[in-house]
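> Sequence lines, in order, name chains X and F.
With this note's numbering applied, the first sequence corresponds to residues 1 to 403, in that order.
With this note's numbering applied, the second sequence corresponds to residues 1 to 403, in that order.
Rather than coming from a laboratory, the hints here were simulated on the basis of the structure.
Predicted model only: the values in this text are computed from it and were never measured.
The C-beta atom is built at its ideal place from N, Cα and C for all residues, glycine as well.
Treat the hints with caution; some may be incorrect.
[To be verified] Lysine-lysine pairs mimicking DSS-like chemistry, simulated, CA-CA at most 30 Å apart: (1) X:Lys-115 to F:Lys-363; (2) F:Lys-21 to X:Lys-362; (3) X:Lys-21 to F:Lys-350; (4) F:Lys-297 to X:Lys-80; (5) X:Lys-57 to X:Lys-242; (6) X:Lys-346 to F:Lys-115; (7) X:Lys-297 to F:Lys-115; (8) X:Lys-57 to F:Lys-350; (9) X:Lys-115 to F:Lys-371; (10) X:Lys-115 to F:Lys-333; (11) X:Lys-203 to X:Lys-33; (12) F:Lys-297 to X:Lys-115; (13) F:Lys-346 to X:Lys-115; (14) X:Lys-240 to X:Lys-57.
[What the hints assert, rightly or not] Partial list, derived from the structure: chain F residues whose beta carbon lies under 10 Å from chain X: (15) Val-114; (16) Ala-302; (17) Leu-303; (18) Ala-325; (19) Leu-327; (20) Asp-330; (21) Glu-332; (22) Thr-392; (23) Val-395; (24) Asn-398.
2 protein chains.
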Amino acid sequence: MIKNITNVRGITCWGAHTGVKSMRRDLAIIYSKVPASAAAVFTQNQVAAAPVLVTRKHIANGMAQAIVINAGNANAATGKSGLEGAEAMALTLASELRIDKELVLVASTGIIGVKFPTTEIVAGIKENVRNLTNRSNAGSFVANAILTTDTYAKEGFVEFEVDGREINMGGVAKGSGMIHPNMATMLAFIVTDIAIDPVLLQKTVKETVDGSFNMITVDGDTSTNDMVVVLANGLAQNEKIKSKKEAGFKIFKKHLEEMMIHLAQLIVSDGEGASKFIEYEIVNAPSEAYARTMIRKISDSALVKTAMFGRDPNWGRIISAAGNAGLPFDYEKIDLYIGSEKKVVKVLEKGNPLDFDTNYIKKLLRESHLKILLDLHSGKANAKGWGTDLTTDYVLFNSVYST
Amino acid sequence: MIKNITNVRGITCWGAHTGVKSMRRDLAIIYSKVPASAAAVFTQNQVAAAPVLVTRKHIANGMAQAIVINAGNANAATGKSGLEGAEAMALTLASELRIDKELVLVASTGIIGVKFPTTEIVAGIKENVRNLTNRSNAGSFVANAILTTDTYAKEGFVEFEVDGREINMGGVAKGSGMIHPNMATMLAFIVTDIAIDPVLLQKTVKETVDGSFNMITVDGDTSTNDMVVVLANGLAQNEKIKSKKEAGFKIFKKHLEEMMIHLAQLIVSDGEGASKFIEYEIVNAPSEAYARTMIRKISDSALVKTAMFGRDPNWGRIISAAGNAGLPFDYEKIDLYIGSEKKVVKVLEKGNPLDFDTNYIKKLLRESHLKILLDLHSGKANAKGWGTDLTTDYVLFNSVYST
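Chain X with its partners taken away, still in its complex shape (with noise of 0.2 Å):
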């Protein structure tokens, strides 16, 4: 048996079918027993859509208890009535569990500037909350009801301990699909029974989708409708968390970070028409915010990621890449290794061309998880990136299905 969010102390959940979507379900539920800690991630995009709007209100205050979540329309670009759809979600799901409003937090995902369809998704909502469970498929159900053109579900669950009890925490995410017209939304709601401050949680999510969900790159695009949510409702009754010193604090933040980045991995291993999975790592660096930005340039060059579709070990894109990321930058000082995940050659040493054997990398680059690494020699701080190729396929899927 796979264990999942259902496996989390007092969640319950359901994904179902309400017609906005023909023949998949596009209807997500989650429910905590008891109020939770919450925390969140919005899109950076200027144009944020109705349940951002709603969502970001409704946590201002730290605590959340309930998710409903829908695809097939993203509720972006619709303007009063889209608010006022996004509003009517809450405002449906609170009633049916007789909880706060301000305790339900919305998102969608799906096609932008389509009117959108209130009256089914209330009508959705209140017909299923009654399905509300924790047994394990339900939490299948979830992670299948959130996505749109990704190609399979992505979940994760973990168990550690603090205090001597056991903490328990799963998670869904939907990932860089390209939907007709628009763009991809990147989801991820992530729930676990630990106890924890709610300004605490707030900090924490925010640092460590910085080193996660925020080092993942398909098409560089970022959407209307990106969320990240943790909800943690104490259910495992350690003694709650308060400070960044508490030893219970640094194993919860450890695992909150390895799930986000196991999620942040699974999006992109979906991305669309990628052939590859690059993992980019750059070590010595002057610090970690250097090295982040400079990953996220170097991931997101069409030239880099075209290179690496061709299977070529094309170190000067790689420089030049990184030479542009609005950054002091000396080549002459870094190494450069490119291969695949299991093993990479150097190919500069110092900024000097070594003597490598073309062939053998190019064998190495026929994998499908690739690995480049940069040693800047210029400090101590380390980050890590993920990235797809450029291939034919991401140019045909975004350009053939039109509306």
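Given the coordinates of chain X, work out where chain F should sit on it, guided by the hints.
Same frame as chain X, now just chain F:
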């Protein structure tokens, strides 16, 4: 007879084949009879090629008399011997022309990270100085000798009057063709016989580059070798322009800007694997800088570019890219028009999708020159930019050609 850089008073030039490239001309020399006011804008890439370092140093005093350009080897990531090679190019040409070596500017384009063929290029310079001429075909030889994977030569010429004196201005450029294994380089050289103060010229070149070469995108990467150089040798004998307030200055700036936009558009039109030329225009923005930043974000978006390849009037992608520019943006204020350069159709009004005829717009998007116009209704500043679509050919070109 087509006029070109050879029609600028005092300018002679030549384009030759030295053998660095197997089949094509690969060395160009441009020479002014007298020292000229000189200004340049260089790549922002932190990995700057050796010729960029040399030219930056030589142009610091605002004067130059000759330019030597080689194609086939970018002289980037080539270490100490590369720098010596770039210096040898300047020194050789200076000594042949009996001028100070600081009056010689150097540019290179081609492969990165391959030992610079100093011997061949120095020999080529010595051999070809005697060919310098103002015959028209020499201008074409220069335009052709600086190309890499460009599919055609890029030239421009304009005459206008200042102080009752006829001013001539000619330019050549090379574009964004990718050469394996590395980055595309953008080079542009403009010569004119106007008399203008070098400090004022530098300011003007910076401003005009911002509205022209900096507003084009093919794949969002910046090469290690990009360089735009303007020489103004004063042989038109107008009264030397010293201030932005002079009537002659405005005329000059207008024509310099037109020349740069003309060359920049030629570069975009020759973008690798591109099937569409797209003009982006933003009107009624809070500032010109705002409009330019937003245009660059939209025109760089893989989602927008694939939509244009697919002839899809996908306004959600355009709005979402605009929302990602890191600028305050209220899409509910904006009008959006999509179509061809001849005819655009309004698809959004104050953020609301209009009931447009999708098939008619798809028909317009079959044209090779497209237009996307965004009216922000948030100020009085306007800007334009130019880009390409993203095609399967681009991906193939940049992945199949491997080292």
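> Taking each numbered hint in turn, which are not upheld by the structure, reported in ascending numerical order?
none
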